[in-house]
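Listed below are the residues making up each chain.
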Amino acid sequence: MDALFVPDPYVPQPTLVEFELDRVAVVALLASRLLMESGAAANVVHEECYRIAHGLGAERVDLDAGYVSLEITVARGVARVTRITEVGPHGVDYRLSHEVRVLAKRISDGGLTPAEVMSELTRLKQSTGRHAPWVVALAVGIACASFGRLLGMDWPAYIPVAFSGAVGQWVRHLLLRRGTNLFVVICFVALLASGLAGLGARFVGSTTVDLAMLSSILLLVPGVPLLDGQQDIVQGYPMLGTARVVTCSMMLICMATGVLIARTLLGVRQ
Amino acid sequence: MRIGLLHLLHQGLFGGLAASGFGILFNFGWRDVPWCAASGALALATRTLGQDAGWTLEAASFSAAIAVGCAAKLLHARIGIGSNALAVAGCIPMVPGAFAAKGFFGLYALTAPQPSRPSCQRSTTTEYTLRVLFTLVAIGTGLSITKAT
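Residue numbers (this note's numbering), protein chains in the order written: chain R, 350 to 619; chain D, 309 to 457.
Hints were generated in silico from the structure; no laboratory data involved.
It should be emphasised that the depicted structure is a prediction, and the values quoted were computed from it without experimental measurement.
Do not rely on the hints blindly, as some may be mistaken.
One-sided and incomplete, this derived list gives chain D residues near chain R with beta-carbon spacing under 8 Å [claimed, not checked]:
hint : residue
1    : Phe322
2    : Leu325
3    : Leu333
4    : Phe334
5    : Phe336
6    : Gly337
7    : Ala353
8    : Ala361
9    : Val396
10   : Ile400
11   : Val403
12   : Ala406
13   : Ala409
14   : Phe412
15   : Ile447
16   : Leu451
The list that follows gives simulated cross-link-like pairs (lysine-lysine, DSS-like), each with its CA atoms no further than 30 Å apart [said to hold, decoys possible]:
hint : chain 1 : residue 1 : chain 2 : residue 2
17   : D       : Lys381    : R       : Lys474
18   : R       : Lys474    : R       : Lys454
19   : D       : Lys455    : D       : Lys381
20   : R       : Lys454    : D       : Lys455
21   : R       : Lys454    : D       : Lys381
What the simulated footprint calls covered on chain R by chain D, stretch by stretch (three residues with Cβ under 8 Å from a Cβ of chain D suffice, anywhere in the stretch; the number is not a length) [claimed, not checked]:
hint : region
22   : 435-447
23   : 482-494
24   : 570-578
25   : 599-607
The C-beta atom is built at its ideal place from N, Cα and C for all residues, glycine as well.
Just chain R, with the same shape it has in the complex:
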């Protein structure tokens, strides 16, 4: 990560203040990027970015948070530095988000240098724990079946839906790790999970096959991004909010398409 701070020999050398500000901009951007990628709403990203940059000595901070990139300008006196970074795939990781916010609080209390913050952020990114994939698959399966009960699905379909939800989550994990397009993954997982749930529910004699098929794909509903998008729009970040809502709508269309294909294949009536 120190390579980020090596000045380019082909451009005019920055002043000492600009060099320091550059370090501040880089760490504030990294923290903001981690927050965006772990599902934080725009106002949280802005708050923590300002807190970090001010805590490290910037006097003025401007952040432009977009769906695919973040741009920051930090200034002290007449010196000013602007940096931009890409945002990776948007996920939800509350543990990482919480750790970054705790670090931001420590930075605002003072005593940390940009280099220390950079190494701490890198450590958080690499070592923040995640649940084992099989644990997540099992939990998601149970969650889908529980959703089914809330929707009025009968008891016999509970196990088939839990199983198909778990398989769907496992396959989603594998495909996303291979870098498959998110929308293709959603469509395929919806087809697979609802197909399995439909077959399983029929096999055990459920009278709510249609609900079982719907419940098994609720793992694909982008609930957090939808709520984030709405919050972003309400709190004055309409561009980011709209981008989130449009992406979520595409996800829902792909999800419905997958289920519709499974329903057609299984001959389930609407």
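Given chain R, work out where chain D should sit, using these hints.
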């Protein structure tokens, strides 16, 4: 107003299970997962009470989001999880994903070469789509209100 206690317990239990399952998916630590379950149970119990009292799904979801947001805020200092994160985890079981899917099925059916009973399809599809929109707005507004206060 007669509330089926068993129904209330059922909704609370499965709301809690759904929220804790999604809590694990969202990478809450093991220490925080029971709080996700409690948050989901509170949300579903409040929504069920509201619906049993004759409120619309949207009004009941709004009240549930407010209840969960306030509880998360009160517990924030004690349990250390971000209050917004906990409230969102609790509200996830109320996101009307099934209605959204049904709304899209309706849209597909309407665009078929020969739709059966198109006027009936149109009204059902519009109803599902509006319910998704209004419920999401109700949950989001409830969460935003508690966050802002």
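Right, here's what the structure says about each hint:
no.: 1; hint: Phe322; result: 4 Å, holds
no.: 2; hint: Leu325; result: 4 Å, holds
no.: 3; hint: Leu333; result: 5 Å, holds
no.: 4; hint: Phe334; result: 4 Å, holds
no.: 5; hint: Phe336; result: 5 Å, holds
no.: 6; hint: Gly337; result: 6 Å, holds
no.: 7; hint: Ala353; result: 12 Å, violated
no.: 8; hint: Ala361; result: 18 Å, violated
no.: 9; hint: Val396; result: 6 Å, holds
no.: 10; hint: Ile400; result: 5 Å, holds
no.: 11; hint: Val403; result: 4 Å, holds
no.: 12; hint: Ala406; result: 5 Å, holds
no.: 13; hint: Ala409; result: 5 Å, holds
no.: 14; hint: Phe412; result: 3 Å, holds
no.: 15; hint: Ile447; result: 7 Å, holds
no.: 16; hint: Leu451; result: 7 Å, holds
no.: 17; hint: D:Lys381 - R:Lys474; result: 27 Å, holds
no.: 18; hint: R:Lys474 - R:Lys454; result: 17 Å, holds
no.: 19; hint: D:Lys455 - D:Lys381; result: 8 Å, holds
no.: 20; hint: R:Lys454 - D:Lys455; result: 19 Å, holds
no.: 21; hint: R:Lys454 - D:Lys381; result: 18 Å, holds
no.: 22; hint: 435-447; result: holds (count 7)
no.: 23; hint: 482-494; result: holds (count 8)
no.: 24; hint: 570-578; result: holds (count 5)
no.: 25; hint: 599-607; result: holds (count 5)
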